[in-house]
Amino acid sequence: MSLFNVFDISATGMSAQSVRLNTTASNIANADSVSSSVDKTYRARHPVFAAEMQKAAAGQEESVGVKVLGIVESDKPLNIEYSPGHPMADAGGYIYKPNVNVIEEMTNMISASRSYQTNIQLAESAKNMLNKTLMLGQR
Amino acid sequence: MAISFEKAFGIHPQSLQVRAKNAEVIAANIANADTPGYKAKGLDFKAALAQAASKQQSGMSKTHAKHFDIRTEINNGVDYRVPNQADTGDGNTVDAQVERNLYLENSMKYQASLQFLTGKIKGLKKAITGGQG
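Protein chains in written order, with the working numbering: chain A, 111 to 249; chain B, 234 to 366.
The following block holds chain A by itself, in its conformation from the complex (with noise of 0.2 Å):
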């Protein structure tokens, strides 16, 4: 029965778009976390969204979810800034900052949101197909 597919379908799309959520959260949260050294400075990250190949090959080629690869980080320069009297400054007198460019992530974060809510209506729309068919015969 391929509207249950639906509901798998709009699932994946749910936990993909929640993890973008989640590393847009943690950019926003650390864009001005302050370090003293490059290797030791936040770096902004992404989700790398993929198609599920894998239920390809089961013979489902034409409806496929959406999952995360992994999470990689922005490779971005740092910013670098001269600041001798910061608690944080290194020998040089220079702090680090990440590099998070926070407008960037607040469009993320809203192109996210939005995309979660539009898998979580299609899964609603779903159910209230499915419901009408249970009811089938039955008014």
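Quick caveat, the hints were computed from the structure, so don't treat them as lab data.
Mixed in with the good hints there might be a few duds.
[As the list claims (entries may be wrong)] With a straight-line Cα cutoff of 25 Å, these simulated DMTMM-like cross-link-like pairs (lysine to aspartate or glutamate) come out:
| no. | chain 1 | residue 1 | chain 2 | residue 2 |
| --- | --- | --- | --- | --- |
| 1 | B | Lys-279 | A | Glu-172 |
| 2 | A | Lys-207 | A | Asp-185 |
| 3 | A | Lys-186 | A | Glu-234 |
| 4 | A | Lys-237 | B | Asp-328 |
| 5 | A | Lys-186 | B | Asp-323 |
| 6 | A | Lys-237 | B | Asp-320 |
| 7 | B | Lys-274 | A | Glu-172 |
| 8 | B | Lys-342 | B | Asp-277 |
Given chain A, work out where chain B should sit, using these hints.
Below, chain B alone, put in the same frame as chain A:
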């Protein structure tokens, strides 16, 4: 006179199957709306319905438990959509708004088919009970 359910229900049971399948395909598109390189797919309703109605299953029959399941459904009506926007930057061709509306439309038509079936079942019930029930 025998009542033939097959004839009474007409095309609607197959139509429901194809609608459910279509819902699945669209759900997959929306779930993958942010997947780089994903190409949106769509169901050719006419072809899929014709296939469902004729119950075409071109495959080899399994006569032993260890036989492989070889089903060669010759193009089961699912194809890639032609995108409105050719290049989105990441190779994804899903238009989430279009897909949402298609899903809604599909769900309404599913419910219309259900409504037809309900009518048919009511009619049959009346015929069976002679209008007593």
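Evaluated hints:
1. B/Lys-279 - A/Glu-172: Holds. B/Lys-279 to A/Glu-172 sits at ~17 Å (cutoff 25 Å).
2. A/Lys-207 - A/Asp-185: holds, 13 Å
3. A/Lys-186 - A/Glu-234: Violated: A/Lys-186 and A/Glu-234 sit about 40 Å apart, past 25 Å.
4. A/Lys-237 - B/Asp-328: OK: A/Lys-237 and B/Asp-328 at ~23 Å, within 25 Å.
5. A/Lys-186 - B/Asp-323: Status holds; Cα separation ~19 Å.
6. A/Lys-237 - B/Asp-320: violated, 35 Å
7. B/Lys-274 - A/Glu-172: Holds, at about 7 Å.
8. B/Lys-342 - B/Asp-277: Roughly 15 Å between the alpha carbons, so the hint for B/Lys-342 and B/Asp-277 holds.
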